[in-house]
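Peer 1: Okay, here's what each chain looks like letter by letter:
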Amino acid sequence: MDRNISRRGFMGAAAGVTAALSAPAVLGAVRPKAVVIGGGAGGATAARYIAKDSKGAVDVTLIEPTRSYYTCFFSNLYIGGFRDFASIGHSYGKLASDFGVNVVHDWAIGVDRDAKSVTLAGGGAMPYDALIVSPGIDFVEDSVAGWDLSAQNKMPHAYKAGSQTQLLKAQIDAMPQGGTYVMVAPPNPYRCPPGPYERVSMVAHVLNENNPTAKIMIFDPKEKFSKMALFQEGWETYYSGMIEWVGGEFGKIEEVRPDAMEVVVDGEVVKADACNVIPAMKAGKIAEMAGLTNEKGWAPIVPASMQSQMDENIYVLGDATQNGDMPKSGFSANSQAKVAAMAVRGALTGSTVFPAKFSNTCWSLIETDDGVKVGASYEATDEKIAKVDGFISQTGEDAALRKQTYEESVGWYAGITSDMFG
Amino acid sequence: MKRLLDPIRAIISGLFLVCMASAAAKAEDIGDPESGAQVWKKCASCHMIGQGARNKLGPHLNEVFGRRAAGLDGFNYSKALRRAGADGVVWSRDKLEVFLENPKSLVSSTRMKFRGLRDKKERADLIAFLREYSSSPRDIPESAPTAAPTDPDVDPEILAIEGDTAYGEYLSSECVTCHQADGDDKGIPSITGWPQADFVTAMHAYKNQARPHPVMRMMAGRLSNEEIASLAAFFGGVK
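Residue numbers (my numbering), protein chains in the order written: chain A, 1 to 422; chain X, 1 to 239.
I should point out that these hints are in silico values taken from the structure, not numbers from a laboratory. Take the hints with a grain of salt, since some may be wrong.
The calculated label-pair distances, taken between Cβ atoms and stated as ranges, are [as the list claims (entries may be wrong)]:
#1 P152/X with G396/A: 24 to 30 Å
#2 Q38/X with K55/A: 46 to 52 Å
#3 A166/X with D114/A: 35 to 41 Å
Each residue gets a CB set at the ideal place from its N, CA and C atoms; glycine is no exception.
Chain X extracted, bound-state conformation:
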C-alpha cells in the first residue's frame, strides 16, 4: 500500500508546494510515522491496516482520512458513530486528534473500548502513521497537515471571543430539551466537555449551512457569535 502510493506522492508533492508554505506554522505538529507504528500496536488487536486489511472487531483503517465517520459499507458501526457520520463528521487530522485523545468526547457512545492517548506526541505519531495508508493528496505528510478540517475555518477573531458562562447556562436550557444535560447520549449526541474551539467551529458550520442537520441549522442560525462562545464556555465546563 505504502509503495503503491509513492508515485502518486511524487506528483502530488510537487503540486502542493504552495500548500506546504502555508502549512509551515503547523509543521511541528506532524508526527513521526516510524514511532507511530509502535503506537499502532495498541490499535492492532481490533483494527487492521495495509494490504489485505479487513474489518475485525473494528473497521479497517485504510483510506481513513477523508472517510465519513461510519463510512464503510459492511461494517456494523455503533449507532452513535453512524449518527456522527450522518451529521457530517469526516475523519480529518483534527477530528482524529480529538477522537484519539478521548474517543468518548467526540462520539460519546462509541463501542470502541479504548480510553485514548493522553500524550500529544503519541497521537501525532499515530496520525502520521495512519496517514501513510490514505491516498488523498491532502493527507500526505509533505503537504498541508492533513485535513483541512471538515468544518469551514472560523475567523480567529470569532474563535477568540470569550464566552459568558452565566449567559451560556441560560442559553443552554434551549439545548437540553434534546441533548442530555449530563452529557449522556440517549439518541441525541453529547455536547458537554468539548474543547471550546471545536464547539464554536461546529456551531458555525451549522450556522453557515455547512453541516446538514436542519434543527441545528435553525438553532445555530439565530445565535450570535457571542452567544455561541457563551454556550461553548458553559458546555465546555460541564464534565
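Extracted from the complex, chain A is given alone in its bound form:
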C-alpha cells in the first residue's frame, strides 16, 4: 500500500516536471487564466483550442453546469428516430484528461468585470485574465402569451437539447390516431434557422409511420424561412396533406393555454395533442447579467476577434452574439471559437494572431436519406462579420446526391464533436 502511494506520488511529480519543461516560458511564473462560461459548440471548442495550442501556457477553466452535454444539432434526428439519445450526448472527460482543461460543473451567476472574476452558484469565484462567454440562448419572457418556463412540461420548447427533447418525442409518440401536432415557430433571429422545419420533417416522418392520419400545423410569425423551397418540396413529396404551414400575416398566435392544450390563432381555438412552443430568443442570461447585451438582447462583438464591444477582456461566442451575417448555429459557434481562441492566446501569451476566417454549413434531414444543406463563408469587416460567398442545395436534386449530403452531415457530426470534446 505504501509502495503504491509513493509510486503515485513519484509519477505525479514526474508529470509535473514534464509539463514545466515543455513550457519553459512560464516556469516559475503564474500562468495567465482563461475562463470559459458554457460548454457547447462555442465554449468547449474555445477551451480545447486555447489549452491545446498554448501547450499548457494558459490555465484554462470551463464552467458548465451539466456533466453530459446533449447537442442541439442532430437532436431532431433523435426525434425522427434516426439517432438514439445516447448518440447525441457527450462528456467533458477528454477536455480534462487530454488537454488539461479544468472543468467546473457549476452555474456562473455573475461577472465582476472590474475585479475580473466570475461568481459561481456553488459559492466560489473564478478569477480570469480573459473571459469567454458562450451561453447559448434564453427565451424572451411573454413573447408567446400564456407560455412561460413553468409551462415547458406541457408545451415543451425542446430548443435546448436534453430532457426537453425526450419529453417532446414522448408526447409525439403518445398522440392519439389522427391527432394534431402544433408548432409555434419563433421570430428572427433565433438559434438554428432551419431547425424548426427540420423538426417538422422529423415529426412527419414518425407520424407517417405510426399515425398517418395525424396533422401537423405550424404557426409562424415569419413570411419565409430558411431552406423554405427545399422543405416545402420535401413535405409535398413525402408527407403530402399532413403539414400545414401558416405564416406571415396569418397564423398570429394570440395566446396558448398549456393546461387546456389549446392555441388561439387569428381568433380561433385550435386543439393540440402535442404542442411545441419555440418562443422568441435572446442571449443566454449570464451575458445579460454581465452587461454584455444590447437593447435587442444580444451581445455585440468586434468581428476580428470576437471581443465584446462592452469589454475588451471578454469574448462572446455563438448564438448569444449579434455579429452581422453569421447565423446562430453550432457550426458558426465552433468557427468563431477558433478565432477567439487565437485572439485570447495572442493577448495572454503574445502568440501570433492570424486574420480571422469564419464559415458555416447547416445540414437538414427531410426524410430518410434526403439531406439538404446551406452554407457560407464570412470575413471580419470593421462593421460586422460579413458574408463572402455561399451555396444552397437545389430543389429537384437526384436521390444519390441527397443521400450523399445526408451521409456528409453524419461525417460532420463526428468531426465537430471531436473538435469540441477531443
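Given chain A, work out where chain X should sit, using these hints.
Peer 2: Then chain X, alone, in the frame of chain A:
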C-alpha cells in the same frame, strides 16, 4: 481484348504523335506491361481483367482508365470509394499511382485489403499492364502517359510555393470542423498525409470549380495560393 484494341491503337498512335513529343519528359515513367503481368498476380485473387472479366471480390478492371471511382454499375463499392467518385476522382495514371502506392492514403476507408506497392517500378509496370485493357486513346502507352490528370494542371510556380506549417495549422482548424483531425474517415474524406502536390492540385481544382463539391468550392475559393500551400504542408505532415 488486347488484340481487339490493336487496330484502334494503330490509328490513334498516328493521331497522337504530337502528344508523344510533349510527353517525352515523362516517358521513362512508363512501365513495362510484361513485368506488370507478373505484378498483376498480387491483384488477381480479387480482380479480373481481360475478355470475360467480371466482378469478383473486387470490380473487374477492364476500361479502368478514365472510369470514375466507383463507376461500375452492379458492383457494391465501399461508401468511401463511392464518395471519392462523387467528388470527381477519375482513375487516371496519376491517381492509380497514388492509390497503388498506399490505397488508404487516397481512399482511407476503402475495403480493398491491399497494403500497396512500395516499389515505384512495380507500380509503373502494373499501370502499364492495366493500361493495355483500357481503350481510351490517351491511355495507350505510345501516347501521352495516361492521364492527363483529372484535375487541371496547376502552374508549377504555384506548386513550388513553400507552405508555412504554422499558418497551415491555424487554417486547418477550419477544415477539422468536418474532416477528422487524425485522418479518420467517418463520413467525410481523410485529408491527412497527402503528397503536397496532390493536395494543392485538388484544392485548386475546387477553387477553379473543376471539382463539384459546393462546400469545398467555397472553402478553397477564398484561400490564397500561399494558404493552400500552407494547408498542404501542415496536413501532409499529419500521419
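Peer 1: Evaluate each hint against the coordinates.
Peer 2: Evaluation of the provided hints:
1. About 29 Å separates the C-beta atoms of P152/X and G396/A, a value consistent with the hinted range of 24 to 30 Å.
2. Taking 46 to 52 Å as the suggested C-beta distance range, the pair Q38/X and K55/A conforms, at roughly 51 Å.
3. Taking 35 to 41 Å as the suggested C-beta distance range, the pair A166/X and D114/A conforms, at roughly 36 Å.
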